[in-house]
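Engineer: So you can see what is in the structure, the chains are spelled out below.
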Amino acid sequence: MSAILPLRLEEVSFAAGGRAIIERVSLVLEAGPSTIILGANGAGKSVLMRLMHGLLAPTAGRVAWSGEGARRRQAMVFQRPVMLRRSAIANVTYALEVAGVPAAERERLATDALSEVGLRNVARRPARVLSGGEQQRLALARAWALHPEVLFLDEPTASLDPGATREVDTIIKAFDAAGTKIVMSTHSLGQARRLGDEVIFLHQGRVAERAPMEKFFPQPASPEAAAFVKGELPWG
Amino acid sequence: MLDAIVSGLRLVATLDLRLWEIVGLSLAVSLSAVTLATLLGLPLGAAIAVGRFAGRQAVIVVLNALMGLPPVVVGLFVYLLLSRAGPLGELGLLFTPQAMVIAQTVLVLPIIAALARQSVEDAWREYEEQLRSLGVEGVRGALTVLWDIRFSLLTAVLAGLGRASAEVGAVMIVGGNIDGVTRVMTTTIALETSKGDLPLALGLGMVLIAIVLALNTAAHLVKDTAQRRFG
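Chains A and B supply the protein sequences, listed in that same order. Under our numbering, residues 1000 to 1235 are what the first sequence spells out, in order. Under our numbering, residues 350 to 580 are what the second sequence spells out, in order.
The shape of chain A in the complex, shown without the other chains (with noise of 0.2 Å):
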């Protein structure tokens, strides 16, 4: 299997309702680090994220995976998961079952990806009265499963108490130990600096921005991510 990455992004825009969102982005995103997508909101993040995901088409540019079947290989986990009203298990075989897994590995590779997210003993518990960060590491333990080239996070811990964000942190972690690329957004400037190791900063739906961690937190070049980092207004 060839990998399908590097992503480029050419000269990326989006527009929806007359309002440009996006702004001739290009980039191009490689294995290895983790990249943590940071800007105030409304800056884009969302969107730029579903664009390369391909739940968007860009309006104009090109998104370009390197391999094929690129579709499969990469997983999104939302600010708010959508389960479906079936057990926690069934949901992950679910989406197995999509993936194309024949039946007999299923039921295996879910148990596997419940244990990896710590919800092992919930298997058989219907997925939707689970709590949030139980719903949120289900979502991550069906992305697991899939074992993505490329994940894809939006905000996935801005609807969760600090416990919660704690453990959701420790999966992506994990998926960065496995190999997986991790490509997430986020408003905590804290996690951004625990799981990433580079910042692309948007700023009104252009790339004002983009620098290793380590660069980026002590002195961040542009005047917007400075500002937006000191916590100030961009605007004020």
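Calculated directly from the structure, the hints in this document are not laboratory data. Glycine residues also receive a C-beta, built at the ideal position from the N, C-alpha and C atoms. Hints are not guaranteed to be accurate.
Short derived list, chain A residues pointing at chain B, Cβ under 7 Å [claimed, not checked]:
no., residue
1, L1054
2, L1055
3, M1075
4, V1081
5, L1083
6, R1084
7, A1094
8, V1097
9, P1125
10, R1127
Restraint-style ranges between C-beta atoms, simulated for each label pair [unchecked claim]:
no., chain 1, residue 1, chain 2, residue 2, range
11, B, P419, A, R1023, 55 to 63 Å
12, A, A1014, B, E439, 53 to 61 Å
13, B, L388, A, R1023, 46 to 54 Å
14, B, P419, A, Q1203, 56 to 64 Å
15, A, H1146, B, Q406, 40 to 48 Å
16, B, W496, A, A1063, 35 to 43 Å
17, A, Q1218, B, A407, 42 to 50 Å
18, A, H1146, B, R401, 30 to 38 Å
19, A, A1015, B, E486, 17 to 25 Å
Fit chain B to the known structure of chain A by using the hints.
Structural biologist: Same frame as chain A, but now just chain B:
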């Protein structure tokens, strides 16, 4: 008046054969029609909800409008189809219970399809990104959502059943209200009331209300239990 009610109750309580034959046929016709309309209407509604095709808005408007089809018009339409000179006249179905099932299916199909379309569309808005991310598209997406909201869809099916069991016009026209063959609760109530035989009419009316109430209670309990069980 009181006498009529008492006599009506007596007919129900004594399991009057004539009365229960009529009740049995009514249930058989309406349940068959609703089953058929459900099998056709749920996939149809889901396809319209999830599909993206030209003229979709027009289809939705027409479907919603068809929910209000007058039963007599449906009866007339099916009558023309099944009458000796009609395109399906060869089948000889006019004035049989089958003709009544066909008429009620036509009447109820838009109700079930339109309500299912609305429910699936609302659910699809919630599920779409997640399902597309997993690589689920088209028919599989529609079926996944249908199955996931199956308990909410009971409401659509019940609305159809309520319509089917309550209507007079369609079954009257295509069934002909023939004693012992195509006489159902509603047509009997209409006929007996005009003849002045109030006890039978009242007895049937009470049975009709009791059945509708029982079905709705059962559906409510199923839905409620499912909600607590699956979230």
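Engineer: Once the shortest beta carbon distance from A:L1055 to chain B is found, is it less than 7 Å?
Structural biologist: At about 10 Å, which exceeds the 7 Å cut-off, the nearest Cβ of chain B leaves the hint on A:L1055 violated.
Engineer: Interface hint check: A:A1094, Cβ to nearest Cβ on chain B, cutoff 7 Å. Holds or violated?
Structural biologist: holds, 5 Å
Engineer: Classify the hint on A:V1081 as holds or violated, based on whether any CB of chain B lies nearer than 7 Å to its CB.
Structural biologist: holds, 4 Å
Engineer: Hint validation: A:L1083 versus chain B, beta carbon distance must be below 7 Å. Holds or violated?
Structural biologist: Since chain B brings a Cβ to about 5 Å from A:L1083, closer than 7 Å, the hint holds.
Engineer: At a threshold of 7 Å, is the proposed contact between A:L1054 and chain B supported by beta-carbon distances?
Structural biologist: This interface hint holds because 6 Å falls under the 7 Å limit.
Engineer: So does A:H1146 sit 40 to 48 Å from B:Q406, Cβ to Cβ?
Structural biologist: holds, 42 Å
Engineer: So, A:R1084 near chain B? Judge it on the closest CB pair being under 7 Å.
Structural biologist: Given a least distance of 4 Å, the restraint on A:R1084 holds.
Engineer: Taking 46 to 54 Å as the hint, is the beta-carbon distance of B:L388 and A:R1023 inside that range?
Structural biologist: holds, 51 Å
Engineer: Should the hint that A:A1015 and B:E486 are 17 to 25 Å apart at their CB atoms be regarded as holding?
Structural biologist: About 22 Å separates the Cβ atoms of A:A1015 and B:E486, which means 17 to 25 Å holds.
Engineer: Restraint: A:R1127 near chain B, CB-CB cut 7 Å. Satisfied or not?
Structural biologist: This interface hint holds because 3 Å falls under the 7 Å limit.
Engineer: Can we keep the A:V1097 interface hint, with Cβ of chain B closer than 7 Å?
Structural biologist: holds, 5 Å
Engineer: So, A:P1125 near chain B? Judge it on the closest CB pair being under 7 Å.
Structural biologist: holds, 5 Å
Going through the hint list in order, the structure does not satisfy hints 2 and 17.
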